[in-house]
Every structure is written in structure tokens, then in C-alpha cells.
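Undergrad: Keeping their order, the protein sequence lines are chains A and B. Heads up: the first sequence begins at 1 in the UniProt record's numbering, then just goes up one per residue. Heads up: the second sequence begins at 1 in the UniProt record's numbering, then just goes up one per residue.
Hints listed in this document are in silico derivations from the structure and should not be mistaken for laboratory results. Where a beta carbon is used, it is the ideal one built from N, C-alpha and C, also for glycine. Any given hint could turn out to be false.
[Stated by the list, open to error] Computed footprint of chain B on chain A, listed as stretches where at least three residues anywhere in the stretch have a Cβ under 8 Å from a Cβ of chain B:
1. 99 to 111
2. 165 to 171
3. 250 to 258
4. 538 to 548
5. 565 to 572
[As the list claims (entries may be wrong)] Estimated spans, in silico, between C-beta atoms of each pair:
6. Lys23(A) x Arg458(B): 56 to 64 Å
7. Ala587(A) x Asn473(B): 45 to 53 Å
8. Asn332(A) x Phe289(B): 24 to 32 Å
9. Asp271(A) x Arg545(B): 51 to 59 Å
10. Ser27(B) x Asn332(A): 52 to 60 Å
11. Glu88(B) x Asn332(A): 48 to 56 Å
12. Asn240(B) x Ala334(A): 47 to 55 Å
13. Val243(A) x Ala586(B): 54 to 62 Å
14. Ala580(B) x Gly252(A): 53 to 61 Å
15. Gly52(B) x Asp589(A): 21 to 29 Å
16. Ala587(A) x Leu85(B): 32 to 40 Å
The lines below spell out each chain.
There are 2 protein chains.
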Amino acid sequence: MPSYKAPLDDMRFILHDVFHAEKLWASMPATAEVSRDLADAVLEEAGKMVEGVMLPLNRSGDEEGCTWSDTGVATPSGFKEAFQLMAENGWTALSGNPAYGGQGMPKMLAVLFEEMMHSGNTSLALYTLLSNGACLCLDAHASEQLKALYLPKIYAGEWSGTMCLTEPHSGTDLGILRTRAEPQDDGSFAITGTKIFITGGEHDFNDNIIHLVLAKLPDAPAGSKGISLFLVPKFLVDENGNVGERNGVSCGSIEHKMGIKGSATCVMNFDGAKGWLIGEANQGLACMFTMMNYERVSIGLQGLGLGEISYQNAVAYARDRLQGRAASGVQNPAGNADPIIVHGDVRRMLMTMRALNEGGRALSAYLGMQLDIAKFSDDAAARAQADDRVALLTPVAKAFFTDRGLETCITGQQVFGGHGYIREWGMEQFVRDARIAQIYEGTNGIQALDLAGRKVVRNGGASAAAFVAEVRNWLEGETHGVLESVRAPLKNALNLLEQGTATLLEQAGNDPDAVNALAVEYLDLFGLVTYAWLWARMMVASADRGDRFGASKQVVGRFYFERLLPRADVLLRQMQAGSAAMMALAADDF
Amino acid sequence: MPSYKAPLDDMRFILHDVFHAEKLWASMPATAEVSRDLADAVLEEAGKMVEGVMLPLNRSGDEEGCTWSDTGVATPSGFKEAFQLMAENGWTALSGNPAYGGQGMPKMLAVLFEEMMHSGNTSLALYTLLSNGACLCLDAHASEQLKALYLPKIYAGEWSGTMCLTEPHSGTDLGILRTRAEPQDDGSFAITGTKIFITGGEHDFNDNIIHLVLAKLPDAPAGSKGISLFLVPKFLVDENGNVGERNGVSCGSIEHKMGIKGSATCVMNFDGAKGWLIGEANQGLACMFTMMNYERVSIGLQGLGLGEISYQNAVAYARDRLQGRAASGVQNPAGNADPIIVHGDVRRMLMTMRALNEGGRALSAYLGMQLDIAKFSDDAAARAQADDRVALLTPVAKAFFTDRGLETCITGQQVFGGHGYIREWGMEQFVRDARIAQIYEGTNGIQALDLAGRKVVRNGGASAAAFVAEVRNWLEGETHGVLESVRAPLKNALNLLEQGTATLLEQAGNDPDAVNALAVEYLDLFGLVTYAWLWARMMVASADRGDRFGASKQVVGRFYFERLLPRADVLLRQMQAGSAAMMALAADDF
């Protein structure tokens, strides 16, 4: 069974040495009480909880899965108790709004906790993450009355939350959804329709489930401009928060999936269920999108967290498994073979995993920091800049973390040879669990389209240029000697990214298919260049530690620049090919 | 449930128009009776059998899996009857030696059949492929007596065959295996030991299972030079082929795996089991290796076959699923959305899958052709050249087919969005089933090491240079106009490959870790360049057809050169980085 230790050293290094988080927190009233010691204590306790409570249920949860019956959904043994323990200790409200009982911790800390949870038990983590998402949305858009009634209970884990978007015929294209909302005399709405792929739509953890549901009002405009958002509880709640009679919403079945089997993925039937409008009528998509940047980073972290536990176990196996002799000569004369960590091919796999994981962790913290600045800073210009950076880098993080997460989990499985394919070793579960993160919360193709279309072409590349300027600025201001070996490749990478942006803008001006056809390569280019910058920052921040941690960072950073960043070159060439060959065949010719 | 039609048009195109197989077959006595009509009829019947017999059991086989009890292994419902039907119709002996009841069809045809079987039901296919492998090995190395006794029964599907190599502590490194063979007075041997990961080690298909087992004689030299090969039947067989008493071999358990769940993966316990030596004592590995080139291509075809069925179903879904509107304007005014095949991102996925599948199919036929020449040609020089090409390209095919196979299956799953993650759609099964092919029959890292070390460095790059010369020769001899757009990139690709070989040779001369550290990138480079050549050949061979098939080939070929071949550039740069950063960390620093 896989083991896991929260990578606290690396997390502290990123928070304190790379990004000097404490200074930022001290500068903003909402986070002023978060000291370095408090942050470290939170991470340490989080690690203990994940290792002790979540991890032990990960394999059994996968084997057991969820079970549907007409009385509800049974989650795997132990999940309910684990959730309740997490709730009692405040882990379901870490970055929740303190005005309603949340812990008020910065997102920069929450992303590290979320990574840990996905390492330990991604199925169990999803229940809390969807509740967090619902809270974010309610906090931003619901009436004071709804917030006061629902937020404290969800933060406390007494109730849970879901997001109900997808319908059988309507996934990426929400504009064609069919769920209807009929206004009632009491100011509520009667919601009718079927939603699918609802994570945690039904379960046995607690007393109530609060669904946030996209639906159309009778007089709504066609398409995505006619979508409204409603709060629909499983059990109706009186004004004092007492749970009353059952609402007209039920779980019709659950999906049998490739992975995340401990997470109940539900078909939810709304049959005139009582709901309340959140935000303005016909502004439902906009309401959803205010939380999207948080949620997409969280789902990105699923890829990163699974990549991390896969890496840790691949290292342990590679140190332990004896097979063959090192090319440079016998390393383990006492045994009849050397540990496979001596072989270049195994090294290549481990170094690739590590370089991608640590680069991703740095980006997740950077993005968490930008989300915090955008939300909490007193400085309007700083908020605006952080908002711009969040908008630009969130689709990159979601797609690049999860694509690299699958790559990393596959690589970790490969280190195990045939044993990696056997369920009891657990490495194949990480692959199956990671795979969904490339699909849900907007497929990675949609993330790429969001980046290339909405975030770059729509503003003529201004946000991308501002980001490149930030990196150039950093590079010009840094004089540490360790940068000498990577300064030229980083400059070259920035040039590639600029050329990529120019290529995208130019082709988009002439060819309506160009954005769609170039987007994935552009996002990958963006991700690789961003990791390069963060690796350079990590190399500088660790250069003078004089310890093995610092020395290792230099080696892994060098590996990133030599072995992984070169992937960026090919992406520009692929983009330059344009959409012609891609779009030339008739549908019947496939 | 996924559908499948054998890609007969493409197979016939490759056989007849690209490689002019009929001319080759007519030139060799062993294949002289194989006409174009016969080959086409075999493929057509094979397609019907796969579509009608194998495919319908694929999903149910995955859901049901195999079950072990102390009386044996139960395979999924219908597998036994399907196998027997296949056997009755000669499909278990397609390329078997006619002297013992085989059909004697060329490998060039068998590879296409094997691809189909892996598309239709890779778990069921594995039982026949392992039997084929055992027959190849027996045919090449066993005594006349053993061949006469065992081959006809296995070809007929009355008995099955296995290969027993791996032990719990000994996988890649067979030199440290522990299974012992004690000589007995009657000339047989008593085999004792435990083998794991034995495909079809136990099942309920037929009357006997013939295990080919690697073991060590008492006086054997240490390491891989002390391994011998033995035939160990489940039931002892008298000299007339009658099945008698149970031998001392039994299945202790089966593995619970990520995929290929219909294939029984067995722990086999040999407890003084009676066995007979195959070939010379201490030459067991060499005996195994004579069949390795056939088997590795067959396992490569698992990746290709799964990629093909994933492609076919992704196309069907992309034509059917309505979501969003085309960037270039509404394509389906009658519906509230366009089929997703109009979107660039979906096109990118489908075109990538198709270009990789068709490139792989061409390489599989090319390799089959070389295997046939090496085995059947009257011309010693032609045999030697074909042998050289087989040795060089087999590891490329095995690893590149299966790496691209996983990529293709993941891509096909992605086309389905959330539905791709749901078991009933079947797309996720292809991913799970494809994953093992990168691991078994020598991991893809081992294939790369075989290519870079044994096949390139060991002969100073002579085989690689001969292959590049063949491609250059072809390119210089071809004058068709369609080559103009791809001549320069193909030349450039050949130069890259030459530089890759030179880099490998140079680094290998200075650094013992270099081969291991550069091998995977070198293999990928080799694969990409080889596909480029075959795509150029396909473009030429289809240029003047004047039909949609030919026009599509031009488009897909162009896509390959523009979008996929550029991946080759980065590989050389990665190789040039050498092993330093990769090998720098101490094992404890991971």
C-alpha cells in the first residue's frame, strides 16, 4: 500500500524563501494574523491529518466504491467518520469567510493543503472541495439571508454543497441546458430537470446537501445569457436553520467510473424542487465564474497531489527493488543486483516527476498568492494586476497541472514495472484517479481555449505581455551567480512565448479556426515557460542554503532546463503550421 | 458499447499499394501460394471474426474478469466458446508452420490480423498470442519429437502455451532467477520454483497448457549465461499425445490488475514438475530471444489495435455529439449546436490519433515483411539485411506503438469529455488495457536500451546508418510531385536521426551512463523519423488514386509532417544534455 509524507520542507521553502509570504500576509488586514509560525503549524497539522486520516482509506475506498440504492448513496467504509473528523477540526473551512465561521486562511496556504488532500485521498477530498466551491459562490453572490442560513453549516461540515451544471446533452455548452425554474408566489422557484456528473450529489456524510443549480427562467434569453443560479437544498430549512421536509430532488443513480471511485458521481433529478435565486436573474454563469478561478486551481492540484504521491512511492520502490547492475559498476556488492535507482532510465523518470511536481507546487503557491492579493489587498492597482495574472494563469495551471499529473502518475507506475499494473501496489489507482482532472471542471481543451481566446486574443495579448514583462523584470533584477547557467535558456523561453503569442494573434486575425486549433500548444508553451521562471526563482532562493535540500534544488532545476524546457521549442513550430491540415477533411472522411 | 470495423481499406492499401506484398510473396517458396485475393479474403474473414466473435465479449470480459479458485481459473463468460470457435476456424494457427498443422501465412498478414484482435478484445487475443509465441519457440528450438507431439495440438487450439520467465524478485534481470531444474534418470527434469505474471498460466479453454519455463540447472554458470528452457505440460502427455496425469504445476493465484481483466495473469508454482529441455542447456535466453522479435511486434500491436478502436469510436462520437458552434459559423442550423467534429481542438485530437495509427500500421507491415524475408528468402544477403532491419526496428515498434497507443487511447477518451471517464462507454477500458503494453514483454525503457545499446552502440551505428541509407535511397529515387512539400522535412528528420546516433555514440564512448540516460529519447526520435518516411511512402502510393481515400491520405500525411514530426527536434536537444544532471543526486536525495 502506498505511503505518503506531506512535503513540508518544500512547501515551507516555497512559502517563505521563494515568495516571502509572511510579508504579504502582514500587509493585508484580512491575513494580518497569519504568521510564519501559524502557517507552518497549519501545514504540519494538515500533513498529519492527511497521512493519518485520509490516506488509510484511499485504497479501500477505491476497492469498495460507492453504492446506490433508492434510499441513498453509501460511501466507502470510513469515509463518513473521516469527513466528520475533518469537519470537527476545521479542515472543511480552512479558507472560509470568518464572518460565517470560516477559518480565513489565505488561498496560498489552502492550495498546499489541497495538494496534500489529493495526495492522500482524492475521492474524499472532492466532497470537501465541492462544498468549498459552493461556499465561495454563496459568499460572493447570495443574499445576506441565504449566507447566514447556509454558510456556517457548510463550513462546519454539518451540511455539504454541490455544483449542478452538466446535463446529459449539455456539458461544455451550457447555453443549451434545459432545466427550468418556475417562479413561485413565495419568492422561491420550482426547479425541474436532470443534472449529471454531480460530485457528492448524494452521500451519507451529514444532514443536508445544498445544491447550486443552473437553470433557465421561463422568459430567459436563449443561450448562455439566459442561465440563472439557484440554491436547492436536499432537505428544506426553516429560518432558524432547522432541517425539515425532503425537497423534490433525488439521486437517480451513480456512475461507474474509471477512477475516483470513492467519490459519488450522481445523476440528480429535480422534480419541482424548491429553490432560491442566487445573484441576479440570467447572471448564473457569471456567478459560477467568480468561483471558477479558485475551483480550477483546486482541480489542477488533483494532478499535482497525485503526481507527488506517485513520485514518493516510485522513489521508495526504486531504492528498494534490486535488478541489474549499474552501468558505471556494481553499487551494491552485498546483493545479487543493484537498486534500480542507479539506472539512467529510472533516474530520468524520477527526475522528470520531481521537476514537474516542484515546478507545479511553486506555480500553485504563486497563483494562490495572486488570488489573495486580488481579494484582500488594499491597493487597487495591485488587485487589478493580480486579477489579470489570475485570469491568465488559471487555465494554464488547471490544464498543465493535470496533464503533467497524468504524465507523472504514468511515469511513477512505469518505475514499478509489472507491479505497477497490479492493483494492490496502488500506483495504477493514481493514474485512474488523475485522469478525470483533465476532463472535469472544463476539459483541458476548454482551458486552452479560455487562455488563447478570452485571456490573450481578446485583449490583444496585453495580459500575456504583462506577465512576460514581470518575468523579464525579475530576471534583470536578479544577479545571483546560479542564474548564469539558466539565464540564456530562460530568455530564449520568454522569446518563444512572445512569438507564440504573436503567432496566435496573427493567425486569429485571419482564420476563425486558428484559436481553437492552436490553443493547446499555446497553453503547453505557457506552462513550460512559467515553470522555467519558477525553477529559476527556486534555484536562486535555495542557492545559499549550504544544505542538501539546496544542492538538490540546483540539480533538479538544471534537469528542468536541460530536459523538460526544450519541449517548448516544438510547440511554437506546431502552432506555426496553423489550422489548414487540421480542418481540411470533411467529417465523413474521418 | 464501442463499435469496430476492421480497417480493411487501409490494410489493403498498405499491403498492395505501399509494399507490393504480392510480388514479395510470389518470390519466396514458403509464401508462393499467397495471392492478393487470398490475402484480402483472409483479412476480410479475420475482420468478420473479430467484429462478430471477439468484440461482443470485450466489455463484459472487463466487467466480469477472471476468477481463481483452487480448482482452477474461470475466464469471463463466452471466452471459452469464442476461443474454440477461433481454433476451429484456424485463427490460432494463422502463421504457424504448415509442417505441423499451421496455416503458413506470412507475418506481414499476421500483424494485420493481430492488430484487429487487439482492437476487438485484447484480453482474449493474449491467450492466442502466447500460444503462438510458445509455438514459435518450440518450432525453432525443440527436438523433432517434442515438436511432433506438441505443435499440432497447440496450433489446433486443443492445448495452449505460455511463457514463464518472471519471478517475484526477477523481472528485467533474468540472470538472478531461482527456479531450479534437476536432471532425472529418464532424461526429463524436475522443475521447482515460482513464476509470476504468467499470461494464461491457467484457464478453462481446453485440455492442456504447455508451459515454457526458464530455470537453472544445478551446475549452471551464474547470471544470464546459466539459464535453460524447459517444456512443462500441465498434464503429462504420452507418446501418442494422449493427456494423462496432472503434472506438479499449479496456479496459486491470479493478479488483480488495472486492465486486461479478461486475461488471467497467474502465479504458477512448479513443485518438482516434470519438464523437458528445449534447445541446449544454458542457452535458454537465446532460445527465448529467437521468438522475441515476433512477440515484441505482437505486443506493439496491442497499442496500435487499441488506438484504432479508440479512434473509430472517437470519430463516431465527435460526429454525433452536439456542443457549441463552429468558430467559422453555424454548421448544423437544424440543431441547437454543431457536432463537435467542427471544433479545431477535436480535429487536432482525431487527426493526431489517425496519423499515429496509420503510421504505426505501415511500420507493422514493413516489419512483418522484413521478418518474412529474414525467414523465407532464398537470398542470403536479403535475409541478412532483413535480419538487421528487424533487430533495429523491433524495439522501436514495440515501444513506440505502445507509447503512442496509450497516447491515442487517452486522446480518444478525451474526445468523449466526461462520458469518456464512465465505464459503460468503453473508452476508459482501452486506456487501461493499453497501459500494460508499455510494461510487459520488456518495459519500454528496456526496449530503448536494447535499441541504443545492443542495436546501435554495439555495432558503431552501422545498422542505423544502413536504415537511414535505405530511406535516403528511397527519397532520391522518388520523383512524385506530392513529395515536394515533405521532402525537406524528411531530409531534415533523417539528419536529426543521424545526429542523434552520433550523439549517442559519442557520449557512450565517454560515459557509462550515457546509453541508459539517452535511450528513450533516441528511440522516440527513431520512431518519429520512421513514421515520417512511411507517411511519405503512403502519400506517394495514394497520390494518384483520385478518390477520397487518396485525398485524405495527403491531408493526414501533411498533418503528420506539420504537427507530429516536429516532436523530433526536441529529442536531439534532450539527448545532447547528457547524463550529468540526471545522475547527480545521491539516492538519498530523492
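Undergrad: Run the structure past the numbered hints and jot down the numbers of the failing ones, going up.
TA: 1, 4, 7
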